[in-house]
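Asks: Working from the sequences, and respecting the hints, build out all of it.
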Amino acid sequence: MTISKQTTEDAPHRAAAAVQLAVAGLTVSFDGVTAVRNVNLTVHQGEFVALLGPSGCGKSTLLNAIAGLVEPEAGTLRLDGETVVPANGASRLGRVAYMPQRDALLPWRTVLENATLSAEVHRSGRAAALERARELLPRFGLEGFGGHYPAALSGGMRQRAAFLRTVLTDREVLLLDEPFGALDALTRRTMQEWLLDLWNDLGHTILMVTHDVEEALLLADTVAVMTARPGTLKAVAPVELPRPRTADMTADQGFIEQKSQLLALLREELREPGSAP
Amino acid sequence: MIDLARRDAAAVGNRRARQFDVRRLTSWLVPLALLSLTLVIWEAWVRIDDTPAWFMPSPSAVAEELWSSRALLWEHTWTTLQEVLLGYAIALLVGVTTALLIAYSPIAERTIYPLIVASQAIPIIALAPILLIWFGFGMTPKVIVVVLLCYFPIAVNMADGLRAADRDALNLLRSMGASRWQQMRIVRIPSSLPYLISGARIAAAVSVIGAIVGEWVGASSGLGYLMTRAASQFLTARLFATVAISAALGIALFVIVALVGRLLVPWADEGRGAQRVSRD
Ligand SMILES: Nc1ncnc2c1ncn2[C@@H]1O[C@H](COP(=O)(O)OP(=O)(O)OP(=O)(O)O)[C@@H](O)[C@H]1O
Ligand SMILES: [Mg+2]
Numbered sequence: 014m015t016i017s018k019q020t021t022e023d024a025p026h027r028a029a030a031a032v033q034l035a036v037a038g039l040t041v042s043f044d045g046v047t048a049v050r051n052v053n054l055t056v057h058q059g060e061f062v063a064l065l066g067p068s069g070c071g072k073s074t075l076l077n078a079i080a081g082l083v084e085p086e087a088g089t090l091r092l093d094g095e096t097v098v099p100a101n102g103a104s105r106l107g108r109v110a111y112m113p114q115r116d117a118l119l120p121w122r123t124v125l126e127n128a129t130l131s132a133e134v135h136r137s138g139r140a141a142a143l144e145r146a147r148e149l150l151p152r153f154g155l156e157g158f159g160g161h162y163p164a165a166l167s168g169g170m171r172q173r174a175a176f177l178r179t180v181l182t183d184r185e186v187l188l189l190d191e192p193f194g195a196l197d198a199l200t201r202r203t204m205q206e207w208l209l210d211l212w213n214d215l216g217h218t219i220l221m222v223t224h225d226v227e228e229a230l231l232l233a234d235t236v237a238v239m240t241a242r243p244g245t246l247k248a249v250a251p252v253e254l255p256r257p258r259t260a261d262m263t264a265d266q267g268f269i270e271q272k273s274q275l276l277a278l279l280r281e282e283l284r285e286p287g288s289a290p
Numbered sequence: 163m164i165d166l167a168r169r170d171a172a173a174v175g176n177r178r179a180r181q182f183d184v185r186r187l188t189s190w191l192v193p194l195a196l197l198s199l200t201l202v203i204w205e206a207w208v209r210i211d212d213t214p215a216w217f218m219p220s221p222s223a224v225a226e227e228l229w230s231s232r233a234l235l236w237e238h239t240w241t242t243l244q245e246v247l248l249g250y251a252i253a254l255l256v257g258v259t260t261a262l263l264i265a266y267s268p269i270a271e272r273t274i275y276p277l278i279v280a281s282q283a284i285p286i287i288a289l290a291p292i293l294l295i296w297f298g299f300g301m302t303p304k305v306i307v308v309v310l311l312c313y314f315p316i317a318v319n320m321a322d323g324l325r326a327a328d329r330d331a332l333n334l335l336r337s338m339g340a341s342r343w344q345q346m347r348i349v350r351i352p353s354s355l356p357y358l359i360s361g362a363r364i365a366a367a368v369s370v371i372g373a374i375v376g377e378w379v380g381a382s383s384g385l386g387y388l389m390t391r392a393a394s395q396f397l398t399a400r401l402f403a404t405v406a407i408s409a410a411l412g413i414a415l416f417v418i419v420a421l422v423g424r425l426l427v428p429w430a431d432e433g434r435g436a437q438r439v440s441r442d
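These protein sequence lines are chains V and X, in that order.
Residue 140 in my numbering is what sits at position 127 of the first sequence, and the numbering runs on without skipping anything.
Residue 377 in my numbering is what sits at position 215 of the second sequence, and the numbering runs on without skipping anything.
Keep in mind that the hints were calculated from the coordinates and are not lab data.
Values in this document were obtained by computation on a predicted structure and should not be read as measured data.
For every residue, glycine included, the Cβ atom is placed at its ideal position computed from N, Cα and C.
Treat the hints with caution; some may be incorrect.
Per the computed footprint, the stretches of chain V lying under chain X, defined by three or more beta-carbons under 8 Å from a beta-carbon of chain X, are [to be verified]: (1) 73-86; (2) 96-109; (3) 115-128; (4) 132-145.
Chain V is faced by these chain X residues, among others (derived, beta-carbon under 8 Å) [unchecked claim]: (5) Asp211; (6) Asp328; (7) Ala331; (8) Asn333; (9) Leu334; (10) Leu335; (11) Arg336; (12) Ser337; (13) Met338; (14) Gly339; (15) Ala340; (16) Trp343; (17) Val349; (18) Pro352.
Replies: If you want it as C-alpha cells, here you go:
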C-alpha cells in the first residue's frame, strides 16, 4: 500500500457530531488503592482523542474500565447515549473495540485467524469476516502475509495485524493502548501517517493512549492530559492544527508551541508525583 | 511513497534464508560419532584384554545375543511395552483432565493443585512392593507405577501452562465478550501445549524406568524380569541386550513425543512459522 504525504480531502469536521462516549466522575480502585480518580471525558462521534500522562497514572486502567475489563468504583459511563455504568443489566463487554498495550496476537494463529477473532467469538459469519480480512490485507500492508504466523512478521506488520483485528471487531469506538509504543522511531512515524490515513477513510471514534506528545498532536483532534497517580484529567485541549496533518508539521511554529505547553503540563506531574492539581 | 508491504517482505525473506544452515545436521552427527567411537574402543578393549564374557561382553557379542534370542527378547519386550503404553496413555488422559479442572475451577485450584505439587516429592517407586502385595505379579501393578510416575509431570506442567496464558490476550478476548470456555479454547489450551509437551517428554523418559523397576520387584514376564533372571545366571550378554532394548524403548518414546510436540506447536519455533505457506 502507499501512503501519500498529502491527503486530498480534509478530515471531516467532527465538532458538531453526537456524543459517543461520555465518562463522568469515573473512579477505579484496586484493593482500596485508587488508580483513576474522578475522570470526566466526552468523546464525539468520529473524534480522535489522545490520552497523555506519566507512566503508571492509570491510562490503561481508564481504557480497561471503558471496555468493561475492570469495574469502576464510582461514576457513570454512557455509550451512544445509553448508560452502561452503573450496569443496566447486560454486560458492556463487546461494545467497543479494544487493542491492548502489546499487540496480543495469538502466536499459534495466522494473521487472518487472528484478525477474524471477533467473528469467531460472536459466532457471526466467520467466512464473511475472512473475506473482508483478505480484502483489507493490502490496506494494512499485509498483502501475501495472511497465512503467516505473527513470529514471522516485523514489528510494524504485527501492529498492523493487531489493528486489522481491532477494525474487524466492527465497533464504532476504538480504544487503542499505546499502539506504537514498541516500535522504533522511523516505523512509528510511518505507522502514525498510516493510521491517520486509515482513520480518514473509516471514520472511527478513537481514544488512544500515548506517551508521546508529538504523536498526540500529529494524530488527535483533542488531547487529554492526566495527572500522576491517582490519575485524573488535568487538561483537555483541542489540537490547533489544520488537517490534513503531515510529519513536516512538527517543525511548524504552532506545533512547537502546543508541544511545549503539553510538555510543561506533563513535567509538573513528574515533579510532584501523586499530588492533586 | 512508502511501500510498507515490500519493505517488510524483505525483512521476512532475510529471516527465512537464515534457517537453511548445517547446524541441525551436525548437532546429530557429533553425538553419533562419539557413540560409534565408544563402541569401537569397547570392542577393541574386550578383545585385546581378553575380558571374560560373563564379566563384560563385547558389543558384537551383545548384537549376536540380540539376534539369536530375538524371539525370547521380543516376548518380554512386548510385555514391558504394553505396560508402558497403557500406563502412559492413562496418565496423559487423567493428567490433562486434572489440569483442565484446575484451570477451570478455582476450588480445584486451591485444593487439588497444592496436593499434586506436594506429592511429587513422594518416591513413587517405593510404592511398587505395596502394589505387588495388592495386585500380584501381573501387569496391573506395573501399569499403576507407570501411571503414577507419568501423571505428575503431565498434570503439573499443563496446569502451569494453562495458568501462564497471556493476560493481554485473555483481556482482549474478554473485551470481545468471549465466554470462559471460549477463553479456555482460544487462548489457554493452545498456550498450555508447549508446557504439556515438555511434561509429556519427561513422562516418556520415566515411563520405561517405572515399568522395569516394577518388574524387578516381582513379575513373571517383561524386560525387568528378564534382566534379574539373566543376572542371576550370569548371562551377561543377555543382560546387556535387555538394557540396550530398554534404552531404545525410552529413547524411541521420547523422540515420538518430541515429534508429536513439534506437529502440535509449530509456532513455538519462529523459522517453522515462517515456512507455512500463505493461504490468502
Ligand atoms: N489489575 C490490577 N490490580 C492492581 N493494581 C493495578 C491493576 N492494574 C493496574 N494497577 C495499578 O494501577 C495503576 C495504574 O496502572 P495503569 O496500567 O493503568 O497505568 P498506565 O498509565 O497505563 O501506565 P503505563 O504508561 O506504564 O502503561 C498502577 O499503579 C498499577 O500498578
Ligand atoms: Mg498502560
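Asks: With reference to the structure, classify each hint as holding or not holding.
Replies: Against the structure, the hints come out as follows:
By the rule of at least three residues with a Cβ nearer than 8 Å to a Cβ of chain X, the coverage given for the stretch 73-86 of chain V holds, with 4 such residues. For the stretch 96-109 of chain V, the stated coverage by chain X is satisfied: 4 residues place a CB nearer than 8 Å to a CB of that chain, which reaches the threshold of 3. For the stretch 115-128 of chain V, the proposed coverage by chain X is satisfied: 7 residues have a C-beta within less than 8 Å of a C-beta in that chain, meeting the threshold of three. For a cut-off of 8 Å, the count of residues in the stretch 132-145 of chain V with a CB near a CB of chain X stands at 3, and the three-residue condition holds.
The beta carbon of Asp211 (chain X) comes no nearer than 55 Å to any beta carbon in chain V, farther than 8 Å, and the hint placing it at the interface is violated. Given hint, Asp328 (chain X) at the interface with chain V, holds; its Cβ is 7 Å from that chain's nearest Cβ, closer than 8 Å. Nearest Cβ of chain V to the Cβ of Ala331 (chain X): about 5 Å, under the 8 Å cut. The hint holds. Using the Cβ-Cβ criterion of 8 Å, the hint placing Asn333 (chain X) at the interface with chain V is satisfied: the shortest such distance is roughly 5 Å.
A cut of 8 Å between beta carbons decides the hint on Leu334 (chain X): the least distance to chain V is about 5 Å, and the hint holds. Look at Leu335 (chain X): its Cβ gets to within about 7 Å of chain V, closer than 8 Å, so that hint holds up. A cut of 8 Å between beta carbons decides the hint on Arg336 (chain X): the least distance to chain V is about 6 Å, and the hint holds. About 4 Å separates the beta-carbon of Ser337 (chain X) from the nearest beta-carbon of chain V, less than 8 Å, and the hint is met.
Contact between Met338 (chain X) and chain V, as hinted, is supported at the beta carbon level, the nearest pair being about 5 Å apart and thus within 8 Å. For the restraint placing Gly339 (chain X) at the interface with chain V, the shortest Cβ-Cβ distance is roughly 3 Å, inside the 8 Å limit, so the hint holds. Using the Cβ-Cβ criterion of 8 Å, the hint placing Ala340 (chain X) at the interface with chain V is satisfied: the shortest such distance is roughly 5 Å. Proximity of Trp343 (chain X) to chain V is violated relative to the hint, the smallest CB-CB distance being about 11 Å (cut-off 8 Å).
For Val349 (chain X), the interface hint holds, since its Cβ comes within 8 Å of a Cβ in chain V; the closest pair sits about 7 Å apart. The interface hint given for Pro352 (chain X) holds, since its Cβ lies 5 Å from the closest Cβ of chain V, which is under the 8 Å cut-off.
Hints 5, 16 from the earlier list are contradicted by this structure; the remaining hints agree with it.
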